[in-house]
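Asker: For chain V, the structure is supplied; the task is to place chains S, R and B on it using the hints.
Here are the chains, one letter per residue:
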Amino acid sequence: MSDYTPTEIMTVVAARALSSKDVCFVGIGAPSAACNLARLTHAPGITLIYESGTIDTKPEVLPLSIGDGELCETALTTVSVPEMFRYWLQGGRITVGFLGGAQIDRFANLNTTVVGPYDHPKVRLPGGGGAPEIATNCGEIFITMALSPRAFVEKLPFITSLGHGTGPGSRAALGVTTKGPTRVITDMCVMEPDPESRELTVVSLHPGVTADQVKEACGWPLKFAADLKETPAPTAEEIKVLRELQERTRLKHGGKQGEAA
Amino acid sequence: MSDYTPTEIMTVVAARALSSKDVCFVGIGAPSAACNLARLTHAPGITLIYESGTIDTKPEVLPLSIGDGELCETALTTVSVPEMFRYWLQGGRITVGFLGGAQIDRFANLNTTVVGPYDHPKVRLPGGGGAPEIATNCGEIFITMALSPRAFVEKLPFITSLGHGTGPGSRAALGVTTKGPTRVITDMCVMEPDPESRELTVVSLHPGVTADQVKEACGWPLKFAADLKETPAPTAEEIKVLRELQERTRLKHGGKQGEAA
Amino acid sequence: MAEFLSLADAVAANVRDGDLVAMEGFTHLIPYAAGHEVIRQKRKHLTLVRMTPDIIYDQLIGVGAVDKLIFSWGGNPGVGSLHRMRDAVEKGWPVPLAVEEHSHAAMANAYEAGAANLPFAVLRGYKGVDLPKVNPNIRSVTCPYTGEVLATVPAIRPDVTIIHAQRADRRGNVLLEGIVGVQKEAVLAAKRSIVTVEEIVDDLAAPSPNSVVLPSWTVGAIAAVPGGAYPSYAHGYYPRANDFYKAWDAIARERDSFNAWIEENVMARTADDFAVHASRAA
Amino acid sequence: MAEFLSLADAVAANVRDGDLVAMEGFTHLIPYAAGHEVIRQKRKHLTLVRMTPDIIYDQLIGVGAVDKLIFSWGGNPGVGSLHRMRDAVEKGWPVPLAVEEHSHAAMANAYEAGAANLPFAVLRGYKGVDLPKVNPNIRSVTCPYTGEVLATVPAIRPDVTIIHAQRADRRGNVLLEGIVGVQKEAVLAAKRSIVTVEEIVDDLAAPSPNSVVLPSWTVGAIAAVPGGAYPSYAHGYYPRANDFYKAWDAIARERDSFNAWIEENVMARTADDFAVHASRAA
Numbered sequence: 001m002s003d004y005t006p007t008e009i010m011t012v013v014a015a016r017a018l019s020s021k022d023v024c025f026v027g028i029g030a031p032s033a034a035c036n037l038a039r040l041t042h043a044p045g046i047t048l049i050y051e052s053g054t055i056d057t058k059p060e061v062l063p064l065s066i067g068d069g070e071l072c073e074t075a076l077t078t079v080s081v082p083e084m085f086r087y088w089l090q091g092g093r094i095t096v097g098f099l100g101g102a103q104i105d106r107f108a109n110l111n112t113t114v115v116g117p118y119d120h121p122k123v124r125l126p127g128g129g130g131a132p133e134i135a136t137n138c139g140e141i142f143i144t145m146a147l148s149p150r151a152f153v154e155k156l157p158f159i160t161s162l163g164h165g166t167g168p169g170s171r172a173a174l175g176v177t178t179k180g181p182t183r184v185i186t187d188m189c190v191m192e193p194d195p196e197s198r199e200l201t202v203v204s205l206h207p208g209v210t211a212d213q214v215k216e217a218c219g220w221p222l223k224f225a226a227d228l229k230e231t232p233a234p235t236a237e238e239i240k241v242l243r244e245l246q247e248r249t250r251l252k253h254g255g256k257q258g259e260a261a
Numbered sequence: 001m002s003d004y005t006p007t008e009i010m011t012v013v014a015a016r017a018l019s020s021k022d023v024c025f026v027g028i029g030a031p032s033a034a035c036n037l038a039r040l041t042h043a044p045g046i047t048l049i050y051e052s053g054t055i056d057t058k059p060e061v062l063p064l065s066i067g068d069g070e071l072c073e074t075a076l077t078t079v080s081v082p083e084m085f086r087y088w089l090q091g092g093r094i095t096v097g098f099l100g101g102a103q104i105d106r107f108a109n110l111n112t113t114v115v116g117p118y119d120h121p122k123v124r125l126p127g128g129g130g131a132p133e134i135a136t137n138c139g140e141i142f143i144t145m146a147l148s149p150r151a152f153v154e155k156l157p158f159i160t161s162l163g164h165g166t167g168p169g170s171r172a173a174l175g176v177t178t179k180g181p182t183r184v185i186t187d188m189c190v191m192e193p194d195p196e197s198r199e200l201t202v203v204s205l206h207p208g209v210t211a212d213q214v215k216e217a218c219g220w221p222l223k224f225a226a227d228l229k230e231t232p233a234p235t236a237e238e239i240k241v242l243r244e245l246q247e248r249t250r251l252k253h254g255g256k257q258g259e260a261a
Numbered sequence: 001m002a003e004f005l006s007l008a009d010a011v012a013a014n015v016r017d018g019d020l021v022a023m024e025g026f027t028h029l030i031p032y033a034a035g036h037e038v039i040r041q042k043r044k045h046l047t048l049v050r051m052t053p054d055i056i057y058d059q060l061i062g063v064g065a066v067d068k069l070i071f072s073w074g075g076n077p078g079v080g081s082l083h084r085m086r087d088a089v090e091k092g093w094p095v096p097l098a099v100e101e102h103s104h105a106a107m108a109n110a111y112e113a114g115a116a117n118l119p120f121a122v123l124r125g126y127k128g129v130d131l132p133k134v135n136p137n138i139r140s141v142t143c144p145y146t147g148e149v150l151a152t153v154p155a156i157r158p159d160v161t162i163i164h165a166q167r168a169d170r171r172g173n174v175l176l177e178g179i180v181g182v183q184k185e186a187v188l189a190a191k192r193s194i195v196t197v198e199e200i201v202d203d204l205a206a207p208s209p210n211s212v213v214l215p216s217w218t219v220g221a222i223a224a225v226p227g228g229a230y231p232s233y234a235h236g237y238y239p240r241a242n243d244f245y246k247a248w249d250a251i252a253r254e255r256d257s258f259n260a261w262i263e264e265n266v267m268a269r270t271a272d273d274f275a276v277h278a279s280r281a282a
Numbered sequence: 001m002a003e004f005l006s007l008a009d010a011v012a013a014n015v016r017d018g019d020l021v022a023m024e025g026f027t028h029l030i031p032y033a034a035g036h037e038v039i040r041q042k043r044k045h046l047t048l049v050r051m052t053p054d055i056i057y058d059q060l061i062g063v064g065a066v067d068k069l070i071f072s073w074g075g076n077p078g079v080g081s082l083h084r085m086r087d088a089v090e091k092g093w094p095v096p097l098a099v100e101e102h103s104h105a106a107m108a109n110a111y112e113a114g115a116a117n118l119p120f121a122v123l124r125g126y127k128g129v130d131l132p133k134v135n136p137n138i139r140s141v142t143c144p145y146t147g148e149v150l151a152t153v154p155a156i157r158p159d160v161t162i163i164h165a166q167r168a169d170r171r172g173n174v175l176l177e178g179i180v181g182v183q184k185e186a187v188l189a190a191k192r193s194i195v196t197v198e199e200i201v202d203d204l205a206a207p208s209p210n211s212v213v214l215p216s217w218t219v220g221a222i223a224a225v226p227g228g229a230y231p232s233y234a235h236g237y238y239p240r241a242n243d244f245y246k247a248w249d250a251i252a253r254e255r256d257s258f259n260a261w262i263e264e265n266v267m268a269r270t271a272d273d274f275a276v277h278a279s280r281a282a
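Chains as they are written, first to last, in the working numbering: chain V, 1 to 261; chain S, 1 to 261; chain R, 1 to 282; chain B, 1 to 282.
In isolation and in its complexed conformation, chain V is listed as follows (with noise of 0.2 Å):
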């Protein structure tokens, strides 16, 4: 079928990423759509959590911000905010880290500080709230984020949160031994760190996407792996629980949530 948006393939390939094995520390936006959407069709055991504190929740519709009441109504427990940072994440607990960002790079660092000096910024982005530790302390990170030269930059003005550092390395040398990002997924293509660069690269096209588009849509030189391949399609049954979903939340409180930043 090729009745979807970019922003619903990149839902649901990031979705399809998540096992019901899963626990997963759940960002708002992008990352939320995709984790309640894994829970609703393939990985129905999944655990979420949210850093206001709810753990295991199961939404009935999508949260406008990281700590609606929809959220705790529906969790296992909810638990006070140093006791999510201090047990839960820096714990060791979850296996999966959601993140987002307004600009990433090739080793998929990413900032959502500011643009400009820190100082004097040109843009004042929100922070880093819990990337910071979400980034090093779950088992692996996947992140999801739109295609663009403004977003995927050759050199960031200020790293928030830590991807592969400058590459091979990086990591273990500042003493972390969780993964970092395994891949990332954008509305165009899916990116995987390089096993020996740890570079991102492209390993597979969405339907109806070229490399050229991609490659243009990229701030750095953007490479390929060997085996490049095409993003399978969502399936009618991916599609319709996730707009089912989105329909639901609109009901519930107006709007397309679930899709902003």
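Everything labelled a hint here was simulated from the structure, so no lab data went into it. Built from N, CA and C at the ideal position, the CB exists for glycine as well. Don't take each hint at face value.
Stated by the list, open to error - Here are some, though not all, of the chain R residues that point toward chain V, as calculated from beta-carbon distances under 7 Å:
no., residue
1, Gly75
2, Arg86
3, Ser103
4, Val129
Answerer: This is chains S, R and B only, laid out in the frame that chain V set:
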């Protein structure tokens, strides 16, 4: 009236030291009886906290252990033990801590750890439990112990919790800003640290007790305040409320609780 | 013991020019009515601390009450930027805003250390990132057992913490429920505190022996302000006004529309006007 | 995900000779049935850790299963000494017992640090006392902001933690309620864990959104052992058997009476025998 036991007057005098404004960290045994007697007589607003995590508890009967169900069932709230020691005791929220011990010296340092060498003890006592941090983190400390030469000793084999150290300035030199032991209530007399020397000094003798009897029961050459007083005898009401409390306790779980160590 | 006061009296007695003020609430139970009272009483030169400064801090910053912000994520959740905060940081309007920036993990630990009366907190964090380069308060200690180097942050000890809670009993004990965030820690870490509540009741009706309760003697002032968390929410009472959060984006985008909104909705109102938003879930 | 096993299988799979074992419970919810199973399976050379070693540890020490005890208060609460512990420390019977001794505050912080995956904990403690002279694990760090010197203890990370809880649901989520002690921290700090429960239910029926719950994936093995905390108690189920605590003093005072009691009440029994003590409060 003279119809009371030495233990009863010790409990009554300890209770009188408390007020409705106090937030009191309660130990098992005589402190527990005294604190609850205060609550049931002149200090109905007193806040009692047991180290098991029970805050503002109002037990109908005295607990046998520091964690009896009665304490939780009648508490305002019950927190975890790490929280109790971090936010509540170390947090500086306790006005009075009640301690007892196997042995005490003239500066109100206590031993509840060992008699004899630590590595080859003659008697292995239960250990410090909460006492080391109660002694320094509560606003002030009241101590209740029956007077005897084996308990009130010239030199402690082991300092489990800090009183006034080796005398004036000891606490300040350790960076401790709380008052430490301000009174020691025994079955024969009340002692307070001398304002200058910090040495425990008898300030009042219980009715019918002589200075010579007290001297003989103490392991160091005991000093007496210039204005030595007679402890006011327990009132009929105090004894009645205390005995009713102990009778309720006996009926509930057999034996005379709140008297054991 | 907690004192029952009107919100105006509680703010007048407890919030002073130049104070370090924490108004906490992780999306839930944000003390909007109290924030508006601080604006009405024209406090100046505040240092505001908060993990997730959202609209209420955008408002305080926009009226020029704030010299410095200590925070870890400043945005309108699910909507976008805080335009007044950006204007103050980027253009110094209406007054320049200094920032001290941390991660959530660090801020949560710093409140926890404050509640525990420790001077600093230790965390496994800030690895490979740029914040320590721009925030000299991010330092380190070495583990005396393993030799590992860990990040530290200073404890947060506000002059005054302001929170909203579901209810208090007549003795002044306060119950919080649902997403409890860092509010308990923020109150315990502070020198003074104000708690606004949906209602004052005879029986606190805590559902569990382990419910989250702030005992009376740990709380400064209590003011009954039904609806006082609007447009945030109160679990068991009323839901989040997501529409208002979305509408704020347009209101705050321009200085004029912001000023007009503050005049009409803050300066010309009182805490009682929040009552229209109050309700109790069945 | 938690695995549902018989207690015998859970102990066989998770408790090994030489392990660092925590059986926690602050007076409440002490895992007696599990402790007896460890005795029946004749584990040796254990290092036991527990804030308040009471009768269950006296029993394990008395049968010679324990080489070392890490603790902060070792007594029979409200009754007196633990005679088997004293015999092992003072006379080396049946095997010598090494001790590593802390304060409650330090132990509580050490479990908390273990749960938080930190290598050590910081506290304002151990001032002017002798324990740091006999315990080389009590050290210090200097605050990088104030210069204050604070005490440290290493995090407790048990090989296996064993606790008793009120109930589990069929997915393996566990509810604790009442005096919750350090049990949650002890489980989260451990490599492996065993939880015995009063009952396994369809709906956990947690009374509050903030109830103390160990999610299924944080728990190793779950065994239904009704009455398994006896002579300790289970809030909402059955009260503490204070009479047994008092009776223990005479049983444990002599080696012969202790041995006879163990033969009759542990070796000749199974976990099912605890069911006679189970009941549920109305």
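Asker: All hints are to be evaluated individually against the structure, with a verdict given for each.
Answerer: Structure-based check of each hint:
no.	hint	in the structure
1	Gly75	3 Å, holds
2	Arg86	5 Å, holds
3	Ser103	4 Å, holds
4	Val129	5 Å, holds
Violation of the numbered hints given earlier is absent; every hint is satisfied by the structure.
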